[in-house]
Each structure stands twice: as structure tokens, then as C-alpha cells.
Amino acid sequence: MLEHYRNEQLAFQEALGREYFLHYSGQKPRPELHPIYERYADLFTLDAIGSLKHLYESTPEHFQRQRWGIKLLQALAEEHFLEQSVKDLTEQIAEFESRATLRYDAEEIPFHRALDVLAMELDPHQRRQLDQQRIQRLEESNDWRLDRLRRLSEGSRTLGYDNYWTMVASWRDCHLSEYADQFAYFLEHTESLYLQHLKDRLPHVIGLPVEQAERADVEYFLQLSQYAEWFPKSRVVEAYGETLRAMGIAPDKQNNVRIDDVQRPGKHPRSVCVPIRVPDEIKVSLSLRGGPTDYQTMLHEGGHAQHYAWISSSLPVECKFAGDPAVGEGYAFLFQYLTLDPLWLDEWLHVTIGEEFIKLSWLHKLFHVRRYAAKLNYERVLHTTAEITEASQPYAHQLTEATGFRYPAEEFLYDLDDGVYAAHYLRAWLFEAQLREYLKSRFGKRWWRWTKAAGFLMELWHTGQEYTAEGLASQADLGPLSLDHLMSEFADAVKIR
Numbered sequence: 001m002l003e004h005y006r007n008e009q010l011a012f013q014e015a016l017g018r019e020y021f022l023h024y025s026g027q028k029p030r031p032e033l034h035p036i037y038e039r040y041a042d043l044f045t046l047d048a049i050g051s052l053k054h055l056y057e058s059t060p061e062h063f064q065r066q067r068w069g070i071k072l073l074q075a076l077a078e079e080h081f082l083e084q085s086v087k088d089l090t091e092q093i094a095e096f097e098s099r100a101t102l103r104y105d106a107e108e109i110p111f112h113r114a115l116d117v118l119a120m121e122l123d124p125h126q127r128r129q130l131d132q133q134r135i136q137r138l139e140e141s142n143d144w145r146l147d148r149l150r151r152l153s154e155g156s157r158t159l160g161y162d163n164y165w166t167m168v169a170s171w172r173d174c175h176l177s178e179y180a181d182q183f184a185y186f187l188e189h190t191e192s193l194y195l196q197h198l199k200d201r202l203p204h205v206i207g208l209p210v211e212q213a214e215r216a217d218v219e220y221f222l223q224l225s226q227y228a229e230w231f232p233k234s235r236v237v238e239a240y241g242e243t244l245r246a247m248g249i250a251p252d253k254q255n256n257v258r259i260d261d262v263q264r265p266g267k268h269p270r271s272v273c274v275p276i277r278v279p280d281e282i283k284v285s286l287s288l289r290g291g292p293t294d295y296q297t298m299l300h301e302g303g304h305a306q307h308y309a310w311i312s313s314s315l316p317v318e319c320k321f322a323g324d325p326a327v328g329e330g331y332a333f334l335f336q337y338l339t340l341d342p343l344w345l346d347e348w349l350h351v352t353i354g355e356e357f358i359k360l361s362w363l364h365k366l367f368h369v370r371r372y373a374a375k376l377n378y379e380r381v382l383h384t385t386a387e388i389t390e391a392s393q394p395y396a397h398q399l400t401e402a403t404g405f406r407y408p409a410e411e412f413l414y415d416l417d418d419g420v421y422a423a424h425y426l427r428a429w430l431f432e433a434q435l436r437e438y439l440k441s442r443f444g445k446r447w448w449r450w451t452k453a454a455g456f457l458m459e460l461w462h463t464g465q466e467y468t469a470e471g472l473a474s475q476a477d478l479g480p481l482s483l484d485h486l487m488s489e490f491a492d493a494v495k496i497r
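In the numbering used here, the protein residues as written are 1 to 497.
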């Protein structure tokens, strides 16, 4: 029974991955999920979930690996039981966003391009006008999002959980509330450092003081357009490839990894790595906007791709698709933040960029960590409160306080990922900081030039998603995941003159 179930899950994941890749790469305006979920409906019924639960409970405790695999399969089944219940709304929202337009510079532009345009717009007034239109489009589709979230919440109770939050925490033994408390501490103890640095540099970047900064300015703040000439689009994929080759990995011989960098009109601005058949078919949909962020995006998705590409083919489906997302995000961050390393920048871009660029880049990283810490606290309110709409103001307040940019309450459902994914990003930042420190101590500051470092990473990648981030950190002698490394690296890197 279990072997058949695993084989069907593999087929389902392949079909779903292909559909999502076509949508994100701009080859389909909406993902057609109905036929896929109908074809594999037996995988996600309450009976199927009950059978997996019974199998888990009847497996002796000393068979820890088998029990963990069954637990992951149950989590996967419950996740898609919920996704199946909202597939019509998921399709409607995706199609609405792919067809919605905004008025900018006397032209109609796709809704999906709004953030890209905001990243390049010099005029704060123009940014606000465009962002107001973006928010109006969000309001037009928020009823669908609200309905979708309510269905997910009801579904968690149908599965026997108190609420969505406790359900997600149980899936992979992730202590969500403990991490929410830890990162509330992080917010408190990095606030002074962050705000001083932001106040010092923001007027020079966006042309406005912190007191006037809004959500409309965030993309322009993060874009670092003034450094674009050092980060040409033509070198994005090449720099990624050169980095891999220096580590002894030949990307041109990786027939299992395909990077789609074709810029189609309907292509989603969010770059994604889609595992279709692990490790045999991994695809990256790459959207470029110019500047340093392109390199971070390519390295991030490339980090995901290398993880999937080196997973052992003998691992069961749950160790390829159902494990802890923080593990894969940790590898992605490890490569992404090479762009914060002056040695890597000098090696592969052949430029010596000043201290100001490095400090701004670290400020951006701190912005992201603080933003997701606030999101996690907001999501705890969202998923445990009786009335979802009451969470809109806590969202706006917490995001504004954490980032220094005024966030609109209307974005509280749009700025939300399924599965409390904010927690996975935050745990991934902890994992990445400790993994990078380990690589430096063992292989040197230029660890990314050593084949032995790649060999060490391949050993980790080979295990796929078998372990949680906490478990893998223990296996690799990185030490328990904690805030210490992350907070100390910010204290060292983001200094006020």
C-alpha cells in the first residue's frame, strides 16, 4: 500500500510541478489545477490521511526513520487536502493577477510588472500613484483571498486541529510559537541598529526621510540602481556558472537543470525553482529586472536547483518533496549572499565595490529578516484569531514598525504564503548563517573556490529533505540553531559611522 502511495505521489508532484512552471514562466495565464487534483484525488481524502495516521501510530517507536517518513507523507496529504479544497480560488486569483492592468506613464502595464516598475521609478510621487493602483487591484481580489483563507482555516479543523497554526506546527515538529517569540526578541534587540542605519542612508537612496517612507518605496530602496553598471544582466547566469565551476560543479553538463531566462510578456516577476522529477528534472524560471538583485535572485534559485539536483534518487518521495522547506531555503540563502562577500564580488565581477554597497546590502538583509519576523508574529494573530479581517491592522502596524516603511492594511492577505512559510525563511536564515560560518572555518574565506567545500555540500544535498534544519545542523556539527550567529553578523556588518 505504502509503495503504491509513494509512486502516485511522485506522479502527482511531477504533474503539479509542470503546471506551475508553465504558469510562472509565462506560458499559461493560469495554472490548470482541477484536472490534476481530480486525477490524484485518492491521495488526499480523509480516508487516505486516516490510513497514514494509523500506519504511523502502529509503527514501533524504535523505527524512527520509518515513522518520520510516514509523518511527512501525512503532512503532504493534509497540505494537498487543503490545496484541493481551494484550487478554484487559487486559479481565479492567479488568472485575475495575470490579466489585471495598471496605468503608468500613459500606458497600460500588467499588474505583475508593478513591483518591477516601482523598483526603477525615481520619482516618489509617481511611485505612490502607481502603488495606489496596485493596492486597488488587491482590494478587488481580496474577497477571493479571504474566502480562500477561511476555507483553509475550516479545513484545518476538519483535519482535527485547533487551528491552522497548530496544524502547520505539527506537520514537521516545527515549534512555531517558540520561533515567533525568539524573533520578537530579535526585532527588539536589532531595532536601534536597524533604524539608525536606515535613517542615515534612506534619504540618499530614495530621496525621502524615514518619516515619509511608504510601501511604495520599498522596491526602489532594495534595487540599488546606482550600482547597476557593475551588475550587467548579460553576466547573471555566467557568474552563477563560474561560481559552480570553481567548486568543481559543471553546470553545462547538468542535463537535469534547466534555466529559463526568456522574458515573456506574461512571465511572473517572481523567479522560482520548480522540482519536477527529483533529481532528474529541475527547472528555474528566471525573471530579471537589472542590477544587483538579479544576481541575488539567480544565486538563490540556483542554490535551490543544486540542492534538488544532487538529492539521492533512491530517497522516497517524502524526502524529495515533503520535508522541511527551511533546509532548501538555507542552501538558497548560502548562494544568494555571496553577493555580500567582497572577495566573491572581486573574483567573479572583477570590481572592487566600496564599503557603502556592502553596508547597504547587509541593511537589506536585515530589512528582510525583520520583515519576516514581523510577518510571523502577524500570522500567529491571523491564524489563531476568531475573525480573520481583524488581522489587517496588526499586519500594517507590525510591518511598519519592523521595517520603517508604512505598510497598507489592504495588503494583509496578498502578503501571505501558505504553510506559515515566514517561519521557514527565518529558520533558514539561522541555518545559513551557521553553515556559512562552518564553511569559512573549515575551508577558508574563499570556501566557494574549493572542491572539498562542494563535496561537503553535496553530502548534505544528497540527504534531500530527510532532516529538519535543526536535525541537519546537528548532523553537520553546526550546533543548535540559535539567534547568536545571525545577530552577531549583523552587529559586525551593519555599523553606524
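FYI, nobody ran anything at the bench for these hints, they're computed from the structure. For glycine and all other residues, C-beta sits at the position ideal for the given N, C-alpha and C. Just to be clear, a hint being listed does not mean it is correct.
List time: in silico DSS-like cross-link candidates among lysine-lysine, alpha-carbon distance up to 27 angstroms [what the hints assert, rightly or not]: (1) K440 - K365; (2) K233 - K359; (3) K28 - K199; (4) K440 - K452; (5) K452 - K359; (6) K253 - K359; (7) K28 - K359; (8) K28 - K53; (9) K440 - K359; (10) K365 - K233; (11) K253 - K233; (12) K359 - K199; (13) K445 - K365; (14) K53 - K253.
Derived CB-CB ranges, DEER-like [stated by the list, open to error]: (15) D88 - R264: 49 to 55 angstroms; (16) G248 - H125: 38 to 44 angstroms; (17) L208 - D88: 23 to 29 angstroms; (18) R99 - Q263: 17 to 23 angstroms; (19) A41 - E355: 56 to 62 angstroms; (20) E3 - R151: 18 to 24 angstroms; (21) A493 - D181: 38 to 44 angstroms; (22) R264 - E401: 36 to 42 angstroms; (23) E242 - T59: 19 to 25 angstroms; (24) T158 - L208: 43 to 49 angstroms; (25) G207 - L10: 47 to 53 angstroms; (26) D477 - M1: 50 to 56 angstroms; (27) V351 - A250: 54 to 60 angstroms.
Hint check:
Proposed proximity of K440 and K365 is supported: the alpha carbons are some 20 angstroms apart, at most 27 angstroms. A C-alpha spacing of about 23 angstroms is found between K233 and K359, which places the hinted pair at or below 27 angstroms, so the restraint holds. With a C-alpha separation of about 43 angstroms, the suggested pair K28 and K199 falls outside the 27 angstroms cut-off, and the hint is violated. Taking the CA atoms of K440 and K452, the gap is about 12 angstroms. The hint holds against a cut of 27 angstroms.
Simply put, K452 and K359 have alpha-carbon atoms about 30 angstroms apart, too far for the 27 angstroms limit, and the pair is violated. A hinted pair counts as satisfied when its Cα atoms are at most 27 angstroms apart, and K253 with K359 does not qualify at roughly 36 angstroms. Annotation: proposed proximity of K28 to K359 is violated, straight-line Cα distance about 40 angstroms (limit 27 angstroms). For the hint pairing K28 with K53, the CA-to-CA distance comes to about 37 angstroms; that exceeds 27 angstroms, so the pair is violated.
For a cut-off of 27 angstroms, the pair hint linking K440 to K359 stands: about 20 angstroms separates their Cα positions. With a CA separation close to 22 angstroms, the supplied pair K365 and K233 stays within the 27 angstroms bound. With a CA separation close to 23 angstroms, the supplied pair K253 and K233 stays within the 27 angstroms bound. A hinted pair counts as satisfied when its Cα atoms are at most 27 angstroms apart, and K359 with K199 qualifies at roughly 13 angstroms.
Proposed proximity of K445 and K365 is supported: the alpha carbons are some 20 angstroms apart, at most 27 angstroms. A distance of roughly 42 angstroms separates the Cα atoms of K53 and K253; the hinted pair therefore is violated under the 27 angstroms criterion. The given range of 49 to 55 angstroms is broken by D88 and R264, whose C-beta atoms sit roughly 26 angstroms from each other. A hinted range of 38 to 44 angstroms for the beta carbons of G248 and H125 is inconsistent with their spacing of about 51 angstroms.
Evaluation of the 23 to 29 angstroms hint for L208 and D88 yields a failure: the beta carbon distance comes to about 42 angstroms. For the pair R99 and Q263, the supplied restraint of 17 to 23 angstroms holds, since their beta-carbon distance comes to about 19 angstroms. In this structure the hint that A41 and E355 lie 56 to 62 angstroms apart at CB holds, the actual value being about 57 angstroms. Our hint of 18 to 24 angstroms for E3 and R151 is violated, since their Cβ atoms are close to 32 angstroms apart.
About 25 angstroms separates the C-beta atoms of A493 and D181, a value inconsistent with the hinted range of 38 to 44 angstroms. In this structure the hint that R264 and E401 lie 36 to 42 angstroms apart at CB holds, the actual value being about 39 angstroms. Take E242 and T59: their Cβ atoms lie about 47 angstroms apart, and the range 19 to 25 angstroms is violated. T158 and L208 have their C-beta atoms about 48 angstroms apart, which keeps the hinted 43 to 49 angstroms range intact.
For G207 paired with L10, a C-beta distance near 52 angstroms keeps the hint of 47 to 53 angstroms intact. Judged by the Cβ atoms, the range 50 to 56 angstroms given for D477 and M1 is violated: they are separated by roughly 38 angstroms. The given range of 54 to 60 angstroms is broken by V351 and A250, whose C-beta atoms sit roughly 26 angstroms from each other.
Comparing the model with each numbered hint stated earlier shows that hints 3, 5, 6, 7, 8, 14, 15, 16, 17, 20, 21, 23, 26 and 27 do not hold.
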